[in-house]
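K.L.:
Produce the entire structure from the sequences given, and follow the hints as far as they go.
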Amino acid sequence: MSLSPVEGVALAEIESSGDGDAPREKGFVGRSPGQLAWARLKRDRTALVSGAMLVFFVLVALAVPLIEAVYGVGPKEQFQHRLDGFGMPLGYAGGVTGEHWFGVEPGLGRDIFIRMVHGLRTSLFIAFAAAVLTAGIGVTLGTLAGYLGGWLDTVINWITDLTLAMPFLIIALALMPTVALRFYGQREAVPAYFQISVLIAIFALFGWTSTARLVRGQVIALREREFVEAARASGAGLGHMLFRQLLPNVWAPILVSFSLAVPQYITSEAALSFIGVGLTDETPSFGRMIYNSLDYLQTDPAYVFFPGITIFALVFAFNLFGDALRDALDPKSSR
Amino acid sequence: MARFLVRRLLSAALTLFAVSVLSFLMFFALPRDPVSGMCPKNCNPERLERVRQELGLRDPLVSQYAGYMKGIVTGRDLGSAQGGRCDAPCLGWSYVSNEAVSDTIARVLPVTLSIVIPAAILWLLLGVGLGMVSALRRGTWLDRAAIGFSLTGASLQLYFVGAVLLIVFVYNLRLLPVPNYTSFFDDPLRWASGLVLAWVALAFLFSAIYARLSRAQMLETLSEDFVRTARAKGLAKPKVYGRHALRAAITPVVTIAGLDVGGALGGTVITETTFGLNGMGRTAVDAVRSGDLPTIMATVLIAAVFVVLANVVVDLLYAAIDPRVRLG
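The listed protein sequences correspond, in order, to chains A and B. Counting from 1, position 109 in the first sequence corresponds to residue 108 in numbering that gives the first Met the number 0; the numbering is continuous, with no gaps. Counting from 1, position 222 in the second sequence corresponds to residue 221 in numbering that gives the first Met the number 0; the numbering is continuous, with no gaps.
Simulated from the structure, these hints should not be mistaken for lab results. Here the structure is a predicted model, which is why all the values come from computation and not from measurement. Don't take every hint at face value.
[As the list claims (entries may be wrong)] For the chain B half of the interface with chain A, some residues (derived, Cβ under 10 Å), not all of them: (1) Met25; (2) Ile269; (3) Thr273; (4) Gly280; (5) Met296; (6) Ala303; (7) Asn310.
We treat Cβ as the ideally placed atom computed from N, Cα and C, and that holds for glycine.
P.N.:
Written out as structure tokens, the structure is:
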């Protein structure tokens, strides 16, 4: 088997990392591209900070039942005694107290902190599930289109163009209730897990095209390389060609696009809930909270800031980490 | 050139055809009963049945689709309950608002155009300008500030930025009126003051993305041989950067801009909801809520037309900007 191009790059990287003769004295240390990237990532302060933030968010999302037990308040409990006669929270900054860390909602008087913790879990779950699905579909179709070419390539390309021409928000907007109507009647309550699965399905349906495009381009560049030809000449089957020869060489851009897709789905989910499709008020979600808060911008401005800043921090951390990952995996990129 | 244009337009038409078929199927064939959602509150079975008849929902899907398309091209006669004759770009009749859908669109499209066009000019100038400057002044405080700005902007949400702008400029400082739409031709000043927050919010978020992209592109171009050659043969810096480097660096920016502007023209749903402006996006949302199928269908189609046209324009611009691009 000939040397794959990524390994070639890795060797060149070791040789050219010219700060002194240290590597030469030690002799060659065999390091895989993954190890190299990991070492670069560990040196990057932005990556460390944003990575730590992400770990924190994920831990909070995983520990929801625990947090709820310790905090002692459920997401649907109403605290009307914390509101004044107009339904506005008593006290400062939207009713922030030791009992209600982020205050209570005006109107219903539900605790904002615990609703945000629940919203974080939903949001991360949807985003990760959609990102995994889109990566799976996109990678499969992208490698197939790039490697086989021909009519399959044409068809996949055309579908990609078509998907880009569809107004995503409006289609999703129109599709959500239509699908719900198909399975549940006009008056039946639509369960939360159903809404969540439809959201994930819609994201997957619209999201795979960018990954497919990316992977296709990479595969086309690799297709004519010697190691691919060698494998083909020695009689490798299609599965072996795709998954053992081509995929290992394109995992880096796939990983980067995955890590940048997650924040996109977080924002999309929030946006859909914001315009009132997506999740209903029963399921706590950032977008829904911000939508509700718009009515209180004048009277209770603190309400919009808690979910608004949290979703910003979440997306910011993901974007920073994705960028750092890209730099670590592709040292040549100047961003 | 002419051959390219014809081919490009044909493929655009094909895409639009596919979008129309898909959305038609999605909205008219997928729901259990498309009518039950669009009937006003007090609906009896007879009225429901009449609406079904009038909409032609009993006909085969193909002839329903053909009728719809014929209406767009030549106009068609709808039942008397749907306002009778419906002229050329006929998009059907809305039972919810009791008017022809094309009238609704004619009312709300100017709002979206008034939001998007000034905002797009702002975000392109600001974004590309910032990206250029920070690429040319690489490593200075200006560059770092621009990077910080674009990283922050790329992670912010429009509804949050919009809410903060509203809290500060409308509710606390009282510098601006609550956002509203006045026709530009009636009173340009009120038109601008009612929409300026929407422009700023959109321009802030989008210019962040453009600054980032154009900075990266500019840096890449500046390291290319032809830039050095241009400098070496004695051209002045502004000429090299402005005429040679910018042209090469801006092509990917044009692609993204085409997609973004085209997409936004179809309705800036979030912006319109945040600022309470009644444009295409809000109309689409309201139509979905009330199950107003003809209006949903029309907004989707118009949005798709904008995206597809924007892509054609982008392809043509390519040739004009970058002489290396060959059409055909």
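K.L.:
Now look at each hint and say whether the structure bears it out.
P.N.:
Evaluated hints:
{"no.": "1", "hint": "Met25", "verdict": "7 Å, holds"}
{"no.": "2", "hint": "Ile269", "verdict": "6 Å, holds"}
{"no.": "3", "hint": "Thr273", "verdict": "7 Å, holds"}
{"no.": "4", "hint": "Gly280", "verdict": "8 Å, holds"}
{"no.": "5", "hint": "Met296", "verdict": "9 Å, holds"}
{"no.": "6", "hint": "Ala303", "verdict": "5 Å, holds"}
{"no.": "7", "hint": "Asn310", "verdict": "8 Å, holds"}
Figure legend: structure checked against the earlier numbered hints; every hint is met.
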